[in-house]
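Trainee: As a plain string of letters, each chain reads:
Protein chains: 2
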Amino acid sequence: MRTADKKAWIHALYNAGLREIEVGSFVPAKVLPQMADTSELVEYASRLPGLAVAVLVPNLKGAEAAVLAGANKITIPFSCSETHSLKNVRRTHEQMIREIHAVGDYLQSLPKQTRPHFEGGLSTAFGCTLEGDVPESRVVDFAEILIKAGCDEVGLSDTTGYANPAQVRRLIRKVHERVGADKLTGIHLHNTRGLGLANAVTAIDEGLTTIDASQGGLGGCPFAPGASGNIVTEDLVFMLEAMGISTGIDYGRLMAARQLLSDALPGEPLYGMVPLAGLPKNFKSS
Amino acid sequence: MRTADKKAWIHALYNAGLREIEVGSFVPAKVLPQMADTSELVEYASRLPGLAVAVLVPNLKGAEAAVLAGANKITIPFSCSETHSLKNVRRTHEQMIREIHAVGDYLQSLPKQTRPHFEGGLSTAFGCTLEGDVPESRVVDFAEILIKAGCDEVGLSDTTGYANPAQVRRLIRKVHERVGADKLTGIHLHNTRGLGLANAVTAIDEGLTTIDASQGGLGGCPFAPGASGNIVTEDLVFMLEAMGISTGIDYGRLMAARQLLSDALPGEPLYGMVPLAGLPKNFKSS
Chain A
1 MRTADKKAWI
11 HALYNAGLRE
21 IEVGSFVPAK
31 VLPQMADTSE
41 LVEYASRLPG
51 LAVAVLVPNL
61 KGAEAAVLAG
71 ANKITIPFSC
81 SETHSLKNVR
91 RTHEQMIREI
101 HAVGDYLQSL
111 PKQTRPHFEG
121 GLSTAFGCTL
131 EGDVPESRVV
141 DFAEILIKAG
151 CDEVGLSDTT
161 GYANPAQVRR
171 LIRKVHERVG
181 ADKLTGIHLH
191 NTRGLGLANA
201 VTAIDEGLTT
211 IDASQGGLGG
221 CPFAPGASGN
231 IVTEDLVFML
241 EAMGISTGID
251 YGRLMAARQL
261 LSDALPGEPL
271 YGMVPLAGLP
281 KNFKSS
Chain B
1 MRTADKKAWI
11 HALYNAGLRE
21 IEVGSFVPAK
31 VLPQMADTSE
41 LVEYASRLPG
51 LAVAVLVPNL
61 KGAEAAVLAG
71 ANKITIPFSC
81 SETHSLKNVR
91 RTHEQMIREI
101 HAVGDYLQSL
111 PKQTRPHFEG
121 GLSTAFGCTL
131 EGDVPESRVV
141 DFAEILIKAG
151 CDEVGLSDTT
161 GYANPAQVRR
171 LIRKVHERVG
181 ADKLTGIHLH
191 NTRGLGLANA
201 VTAIDEGLTT
211 IDASQGGLGG
221 CPFAPGASGN
231 IVTEDLVFML
241 EAMGISTGID
251 YGRLMAARQL
261 LSDALPGEPL
271 YGMVPLAGLP
281 KNFKSS
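Those sequence lines, one after another, are chains A and B. Residue 23 in the working numbering sits at position 23 of the first sequence; the count goes up by one each step and never skips. Residue 69 in the working numbering sits at position 69 of the second sequence; the count goes up by one each step and never skips.
Any given hint could turn out to be false.
Unchecked claim - Chain B stretches covered by chain A per the calculated footprint, using a threshold of three residues with CB under 8 Å from any CB of chain A:
hint	stretch
1	159-171
2	175-184
Stated by the list, open to error - When the alpha-carbon atoms are kept at most 30 Å apart in a straight line, the in silico DSBU-like pairs for lysine-lysine are as follows:
hint	chain 1	residue 1	chain 2	residue 2
3	B	K284	A	K174
4	B	K73	B	K7
5	B	K7	B	K112
6	A	K281	B	K87
7	B	K61	B	K87
8	A	K87	A	K73
9	A	K30	A	K87
10	A	K30	A	K73
11	A	K112	A	K148
12	A	K87	A	K183
13	B	K61	B	K30
14	B	K148	B	K73
15	B	K174	A	K284
16	B	K183	B	K284
17	B	K7	B	K30
18	B	K148	B	K183
19	A	K73	A	K174
20	B	K284	A	K87
21	B	K281	A	K174
22	B	K281	A	K87
23	B	K87	A	K284
24	A	K281	B	K284
25	A	K112	A	K87
26	B	K87	B	K73
Claimed, not checked - Residues from chain A that keep clear of chain B, each with C-beta distances beyond 12 Å, as calculated:
hint	residue
27	K7
28	N15
29	A52
30	V67
31	K73
32	S109
33	P111
34	Q113
35	R115
36	I145
37	P165
38	A181
39	G252
40	P266
These are computed hints drawn from the structure, not numbers from a lab. Where is the CB? At the ideal position from N, CA and C, for every residue including glycine.
Just chain A, with the same shape it has in the complex (with noise of 0.2 Å):
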């Protein structure tokens, strides 16, 4: 996708509404050239009013090249599973867990104004395609783990949509218990088996406000095999304001934001429920 069309993507979402966007990673450009312009990216959505920009960088060298770019939240991944971490970033655990520490120094170095909010993600929390099962005390103890290095809260990852609702609901209990709720308030969740949307709404039973999702449902793990895309942004969308939770999203300038994504990424498929079907006639948002 060209940067042009990046840049019109975010603001035409920015526009629909959304006040927080990842808009790519700091990753080595010949790992992933298509996130190559992520700097770029970082400071065009910078400068629109309001808008938390988010980044994910797999260590130091990243999250430096987050704060120069004036990244407002900065997530680096950390997989419960140590098979998946070294085909991901081809670290261990003990070095993953060197590296936050150091990015967390890095970042209590920083004035405050400057410093970005700095999330851990456990990321296959709920399974590894590789390993299978993930204990869950081991998640829970990664999360006290990545807390006592230096992250500001961690976030619970479903990378390969393994995730169940009694699951969702079981972790994130275990979780906050263990490092306190205010330290985890987001979910990451993919669609691979359908019940994206069952955990989503099991997540905010639990009294997390952060759900991540993407446009079309675009995107994937190319480390995770099978991984699918996220949860859709239009289903969530949708599931939210008919449950009656506002989101300050208008579905309207969310379906031109698909639009152009649609346009801009010829021959992909994009993802979506209520796309296909509509809004519920007479459908109101909350």
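Following the hints, put chain B in place on chain A, whose structure we already have.
Mentor: Chain B alone, transformed into the frame defined by chain A:
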């Protein structure tokens, strides 16, 4: 679908562990010719030990045919939207209530051992593609009217795929409060807007125990424009088993039944995310 194929499919589902199957509808063959073999299917399915054989009936005549064939459960759809009722069964609310009374009286005249369980299906309970919003108070009133007319219980049906988890929770509670929790144990959901499993998990949380689903999401309603198939049995079973709720269903055999269905209906799209993505690595049933 040929009758022999339907029988083989029913048998395959039975072998997979299903213990309640709606095998057809007793509707005039000139309206839905594909349902002309329902008597034969009920008779066939009734010989499978321990299987509850359910059918849909629109009126007294259908109920008599169902009893004659040996059905264990009959559901009469009552549309909370009168516009949809007129389109679907060409009857006003008053006419339908009279019909349900007649069915109730007829069933009470039968010896207890031949009397099928009688459910009033509150269709378009969560909204109507023709009328739009359907007031919850109206649905609750109709639940009471149907019980008084002789139904053993009522079911909530999201005919149009409009339901959301908050509405599901609220409506179940209201109906339970009005007619008693034992008089509403089932829900019928469509995945038209992607919220099917989120609604199912909420219904289960509210104590419902019968969640309608169709293999491959096959189905729809010819008189509810835009309605797509039910929630997908394969995905629902996965969700429940993953959550630790034992269904008694063998996933491999359920997939064998899907294959049989796919062979019998070439060209018909079969839905379901788990059939595409596969079960998680090392997945164990509950």
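Trainee: List in ascending order the numbers of the hints, as given earlier, that are violated by the structure.
Mentor: 2, 16, 24, 25 and 37
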